[in-house]
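Quick note on our numbering: the sequence shown kicks off at 1 and runs consecutively.
Among the clues, some could well be false.
Here are the simulated DMTMM-like cross-link-like pairs (lysine to aspartate or glutamate), alpha carbons at most 20 Å apart as the crow flies [unchecked claim]: (1) Lys231 <-> Asp14; (2) Lys228 <-> Glu239; (3) Lys228 <-> Glu243.
Cβ pair distances, simulated, as ranges [to be verified]: (4) Ser30 <-> Glu243: 19 to 29 Å; (5) Val261 <-> Lys192: 42 to 52 Å; (6) Tyr245 <-> Thr73: 36 to 46 Å; (7) Lys26 <-> Asp133: 40 to 50 Å; (8) Gly198 <-> Gly66: 20 to 30 Å; (9) Gly198 <-> Val95: 28 to 38 Å; (10) Asp136 <-> Asp207: 54 to 64 Å; (11) Val261 <-> Lys231: 15 to 25 Å; (12) Asp138 <-> Gly66: 25 to 35 Å.
To be clear, the hints were calculated from the coordinates, so they are not data collected in a lab. The model shown is predicted, which means the values in this text are computed figures rather than measured ones. Glycine included, every Cβ here is placed at the ideal spot set by N, Cα and C.
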Amino acid sequence: MELSNVETPLAAIDIESVTVALGGQKVVNSVSLSIKSGEWLSIIGPNGSGKSSLLRAMAGIVTSTGRILIGGTDLSQLAPKQRAQMISIVPQIPVVPPRVHVLDYVLLGRTPYLGRGFQPTKEDLQYVLSVMDDLDLDNVAERYVTELSGGERQRVIIARALVQQPQILLLDEPTTALDLGHQQEVLELVDKQRQSLGLAVISAFHDLTLASQYGTSMALLVDGMVTKSGKPSEVITEESLKEIYGANVSINRDGNTLSVVPKRQEDSRN
1 MELSNVETPL
11 AAIDIESVTV
21 ALGGQKVVNS
31 VSLSIKSGEW
41 LSIIGPNGSG
51 KSSLLRAMAG
61 IVTSTGRILI
71 GGTDLSQLAP
81 KQRAQMISIV
91 PQIPVVPPRV
101 HVLDYVLLGR
111 TPYLGRGFQP
121 TKEDLQYVLS
131 VMDDLDLDNV
141 AERYVTELSG
151 GERQRVIIAR
161 ALVQQPQILL
171 LDEPTTALDL
181 GHQQEVLELV
191 DKQRQSLGLA
201 VISAFHDLTL
211 ASQYGTSMAL
221 LVDGMVTKSG
231 KPSEVITEES
241 LKEIYGANVS
251 INRDGNTLSV
261 VPKRQEDSRN
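Start from the sequences and build out the full structure, keeping to the hints where you can.
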């Protein structure tokens with residue numbers, strides 16, 4: 001189900017020389033990227049490379065220098081309600097208030113579209129329930145979010161982000177705590193929205209196989225700087241992963257799909 005109250009043109013995001021400093025140290029250093037509507041940019045890199053900080057800068061959560069343009073408009077010039085209608089983020093460590101039911105929490109994603117009374121409409125509720133059903137959450141609607149398993153809670157966070165109907169979706173390790181089946185379920189749902197609605201998706205991944213399978217483009221971040229960008233097949237090579245991660249891997253290619261397999265130096269099993 002789609003709602004008709006989101007009619008603004010879909011926006012691309014342009015990042016121009018963005019730098020983020022935390023505690024006096026640059027964790028993102030002069031990053032420039034351009035993501036068009038309908039694209040999925042996978043950001044990869046070692047721990048501490050600045051992936052989360054870059055996503056938080058795009059969402060306006062942390063202070064940054066440089067420019068972040070949404071459809072040509074500077075992010076800093078957007079009112080909070082406008083920003084919330086355009087950008088949604090799934091953080092790596094979300095803050096969940098206690099004693100909030102799943103349905104009520106997911107409904108919070110509709111807040112940017114509610115009137116003065118902040119009461120969701122029948123259409124809002126129907127849309128929220130359809131997204132929850134897609135993510136196998138209909139059977140936990142009346143439970144508290146804090147009572148859920150890690151995987152269930154992650155799907156609730158993603159459901160809230162999706163019902164916000166953003167034009168740009170930021171995902172920070174979206175498959176954390178999800179089993180294999182729910183990883184595919186969540187990413188396929190996001191990809192369906194990308195293709196059908198022109199959603200721009202920017203996600204940070206540790207799983208290089210998922211990053212390459214869902215990303216239409218990829219950026220490798222090292223020490224806060226983009227060292228390589230392009231198609232996943234151009235960014236992910238045995239040589240680059242050895243250099244950046246110190247990992248021995250083999251890369252299996254099947255058409256446009258590739259998978260990264262760790263390679264043991266010596267298998268001592270009988």
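Which hint numbers doesn't this structure obey? Failing hints, ascending: 5, 10 and 12.
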